[in-house]
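Peer 1: Sequence:
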Amino acid sequence: MKKLFFILSLLLIASCNRNIPESQIVAQVGNSVLSVNELNMQIPMGLTGVDSTDFVNKYVDDWIDEHIMYEQGLRSLPDIGQLNAQAESYRRNLIAQTYMNELISVRATDEILAQDIEAFYQKYSKQLKLDAPIIQGVYIKLLLNTSKLDQVRRWLKSLDAGDQDCISELDEFGNMRAVEYENFYDQWVEMLQLTDKLPVTVVEPGSFLRCKTYEMKDDQYYYLFVIKDYRLNGEVQPLEFARNYIYDILMRQRKQELRRKLIDELRQEGMQSGFVHRN
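Oh and the sequence shown: position 149 is 149 in this note's numbering, straight run, nothing missing.
Hints in this document: simulated from the structure, not taken from any laboratory.
Yeah, the Cβ is synthetic: ideal placement off N, Cα and C, and Gly gets one too.
Heads up, some of the hints might be wrong.
[To be verified] Cut-off 30 Å, straight-line C-alpha distance, at most; resulting in silico cross-link-like pairs (DSS-like, lysine-lysine): (1) K123 - K261; (2) K212 - K141; (3) K197 - K157; (4) K217 - K157; (5) K126 - K217; (6) K212 - K157; (7) K217 - K228; (8) K141 - K126; (9) K129 - K197; (10) K197 - K217; (11) K228 - K212; (12) K58 - K148; (13) K148 - K197; (14) K217 - K123; (15) K228 - K157; (16) K197 - K212; (17) K129 - K261; (18) K228 - K123; (19) K228 - K126; (20) K141 - K261; (21) K228 - K148; (22) K212 - K126; (23) K197 - K228; (24) K217 - K148; (25) K228 - K129; (26) K129 - K212; (27) K255 - K141; (28) K58 - K141.
[As the list claims (entries may be wrong)] If you anchor each label on the Cβ, the simulated ranges turn out as follows: (29) Q127 - L103: 38 to 48 Å; (30) Q220 - R252: 40 to 50 Å; (31) G270 - D54: 33 to 43 Å.
With the hints as extra help, turn the sequences into a complete structure.
Peer 2: Have a look at this one:
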């Protein structure tokens, strides 16, 4: 605390705010005062010893630096009136937006229906193009000495043939015994989620994905996977891949419409009550 005591000895002066006892003042710059209570509220719970001392010293230093610049700015900048007007405008906008967001969070409770998403997709699907390849499939990474390599091969061969009866067994084995395992057989993921894990670099996604099953190995692992389906960049996004994106668009539209409706309601109520006047 030596540094703090040194700072206090230089900067503590009689408070211009008579409501705060001098003993409760930690630091003061001009008319700005940092009180013990204010400082205590900033100290994280559970912080003790040297960590607490270091935090206090840094907080007080930062507070002093900020307020020195503020006080000097008040004395030196020529356009304080304009800055005050900008600050007040920002304050009004912040309060208004916070209040509007509270109203919207209460009123915008209706879910976006599946049929709304599908209708949007049918109308705009040609504009929903992929900017990266996506795939469906299963990937598994195994140690070279794994005892069930042939069984894994059979499971993946069955999946490639369209037989999904083995998927539960493959899931159980993959989640418990594999080095890495990902089942995205019924969901779309970006191809990079798979290729980033492989010991090769994929240069031509189209050529790579046309071969639906792969087995690779390096000095430590086997890498096996089967591709159920794929779409290349530039193609239309499948509905299931685009669903979350469309949901966000529709929700933003709904909130914009609700925002306009709420403003109109408040305006009408204000004019009817005499709270709002417009000549």
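Peer 1: Please go over all the hints and tell whether each is borne out by the structure.
Peer 2: Outcome of the hint check:
1. K123 - K261: Between K123 and K261 the Cα gap is close to 26 Å, so the pair holds against 30 Å.
2. K212 - K141: Between K212 and K141 the Cα gap is close to 17 Å, so the pair holds against 30 Å.
3. K197 - K157: holds, 21 Å
4. K217 - K157: holds, 18 Å
5. K126 - K217: Violated - the C-alpha atoms of K217 and K126 are around 40 Å apart, more than 30 Å.
6. K212 - K157: Since the Cα atoms of K212 and K157 sit roughly 10 Å apart, the hinted pair holds (cutoff 30 Å).
7. K217 - K228: holds, 21 Å
8. K141 - K126: Given pair K141, K126 is violated - Cα atoms ~37 Å apart, limit 30 Å.
9. K129 - K197: The given pair, whose Cα atoms are some 25 Å apart, holds under the 30 Å limit.
10. K197 - K217: holds, 12 Å
11. K228 - K212: holds, 7 Å
12. K58 - K148: It is violated: about 59 Å lies between the C-alpha atoms, which goes past 30 Å.
13. K148 - K197: holds, 21 Å
14. K217 - K123: violated, 45 Å
15. K228 - K157: holds, 11 Å
16. K197 - K212: Holds, at about 17 Å.
17. K129 - K261: Cα-Cα ~33 Å, so violated.
18. K228 - K123: Given that 30 Å is the threshold and the Cα spacing comes to 27 Å, the pair holds.
19. K228 - K126: holds, 23 Å
20. K141 - K261: Cα-Cα ~54 Å, so violated.
21. K228 - K148: OK: K228 and K148 at ~22 Å, within 30 Å.
22. K212 - K126: Given that 30 Å is the threshold and the Cα spacing comes to 27 Å, the pair holds.
23. K197 - K228: holds, 18 Å
24. K217 - K148: Given pair K217, K148 holds - Cα atoms ~15 Å apart, limit 30 Å.
25. K228 - K129: holds, 20 Å
26. K129 - K212: Distance of about 23 Å is within 30 Å: holds.
27. K255 - K141: violated, 45 Å
28. K58 - K141: The given pair, whose Cα atoms are some 49 Å apart, is violated under the 30 Å limit.
29. Q127 - L103: 38 to 48 Å: Violated: the Cβ-Cβ distance is about 32 Å, outside 38 to 48 Å.
30. Q220 - R252: 40 to 50 Å: Between Q220 and R252, where Cβ atoms are some 47 Å apart, the hint holds.
31. G270 - D54: 33 to 43 Å: Violated, at about 52 Å.
The structure does not agree with the numbered hints 5, 8, 12, 14, 17, 20, 27, 28, 29, 31 stated previously, though it agrees with the rest.
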